[in-house]
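Student: Work the whole structure out from these sequences, hints included.
Quick mapping for you: the protein sequence lines, in order, are chains G and P. The numbering used here numbers the first residue of the first sequence as 3 and each following residue consecutively. The numbering used here numbers the first residue of the second sequence as 5 and each following residue consecutively.
Possibly wrong hints are sitting among the right ones.
Said to hold, decoys possible - Incomplete in silico selection of chain G near chain P, CB under 10 Å:
1) Val-15
2) Phe-36
3) Lys-44
4) Val-91
5) Asn-99
6) Gly-106
Since the hints were made in silico from the structure, they are not lab data. For glycine and all other residues, C-beta sits at the position ideal for the given N, C-alpha and C.
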Amino acid sequence: RKEVEQDPGPFNVPEGATVAFNCTYSNSASQSFFWYRQDCRKEPKLLMSVYSSGNEDGRFTAQLNRASQYISLLIRDSKLSDSATYLCVVNIGGPFNTDKLIFGTGTRLQVFP
Amino acid sequence: EADIYQTPRYLVIGTGKKITLECSQTMGHDKMYWYQQDPGMELHLIHYSYGVNSTEKGDLSSESTVSRIRTEHFPLTLESARPSHTSQYLCASSEYGVGDKGTQYFGPGTRLLVL
Numbered sequence: 003r004k005e006v007e008q009d010p011g012p013f014n015v016p017e018g019a020t021v022a023f024n025c026t027y028s029n030s031a032s033q034s035f036f037w038y039r040q041d042c043r044k045e046p047k048l049l050m051s052v053y054s055s056g057n058e059d060g061r062f063t064a065q066l067n068r069a070s071q072y073i074s075l076l077i078r079d080s081k082l083s084d085s086a087t088y089l090c091v092v093n094i095g096g097p098f099n100t101d102k103l104i105f106g107t108g109t110r111l112q113v114f115p
Numbered sequence: 005e006a007d008i009y010q011t012p013r014y015l016v017i018g019t020g021k022k023i024t025l026e027c028s029q030t031m032g033h034d035k036m037y038w039y040q041q042d043p044g045m046e047l048h049l050i051h052y053s054y055g056v057n058s059t060e061k062g063d064l065s066s067e068s069t070v071s072r073i074r075t076e077h078f079p080l081t082l083e084s085a086r087p088s089h090t091s092q093y094l095c096a097s098s099e100y101g102v103g104d105k106g107t108q109y110f111g112p113g114t115r116l117l118v119l
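Tutor: Right, dumping it as structure tokens:
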């Protein structure tokens, strides 16, 4: 079983749709949580951190449920430019005070006109 | 935009050649990382460094080696490239920030093809 599990998709949605991505993680000692976005053949870029209280950044809302070890990302009013792979990322902490990020395989989103 | 750079962006090379993938960052971050990513797959950590003169192996076994002589520079070397080394190699760096512990910034990656 993977440490971070995501539905691989693809999610094909029309412009303006609301889409939700789910993610589960297995390490209960995980310290911090993120959503990264990765465009085709590009590097991952931080989309947003995820907090237990839930947080919102424009059209994007992220939620964390530590008890269920579940993370979600909601995208409202999808744009064509939202088409990408969304990576669920968990920091379980590494030795020497480093970060140890565990990446999901990503959920691919394709927004069509 | 993150100030982290990788060269070359693309490399096609024959089996048995020695290669060095360059990574540099101008953010003064102490921690740097190398990941390997195959198409459609998740990133796997192969090396990391928590400061100058420190290097550690990651979770994914790799025949590559790294060095960290300067804060801003974290090159990866393959002494003898093989087709199994064909992959994308991503370099990242991080510095703790309150509330965002673990945020890493990635370079554009090097796509390596070994023939």
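Student: Take the hints in turn and mark each one as holding or not.
Tutor: Now for the hints, and whether the structure bears them out:
Interface restraint check for G/Val-15: the shortest CB-CB distance to chain P comes to about 20 Å, outside 10 Å, so the restraint is violated. The beta carbon of G/Phe-36 comes within 7 Å of a beta carbon in chain P, closer than 10 Å, and the hint placing it at the interface holds. Using the Cβ-Cβ criterion of 10 Å, the hint placing G/Lys-44 at the interface with chain P is satisfied: the shortest such distance is roughly 7 Å. The beta carbon of G/Val-91 is positioned within 10 Å of a beta carbon in chain P (closest approach about 8 Å), and the interface hint is therefore held.
Below 10 Å, beta-carbon pairs count as interface contacts, and G/Asn-99 has one with chain P at about 6 Å; its hint therefore holds. For G/Gly-106, the interface hint holds, the least distance from its beta-carbon to any beta-carbon of chain P being 6 Å, beneath 10 Å.
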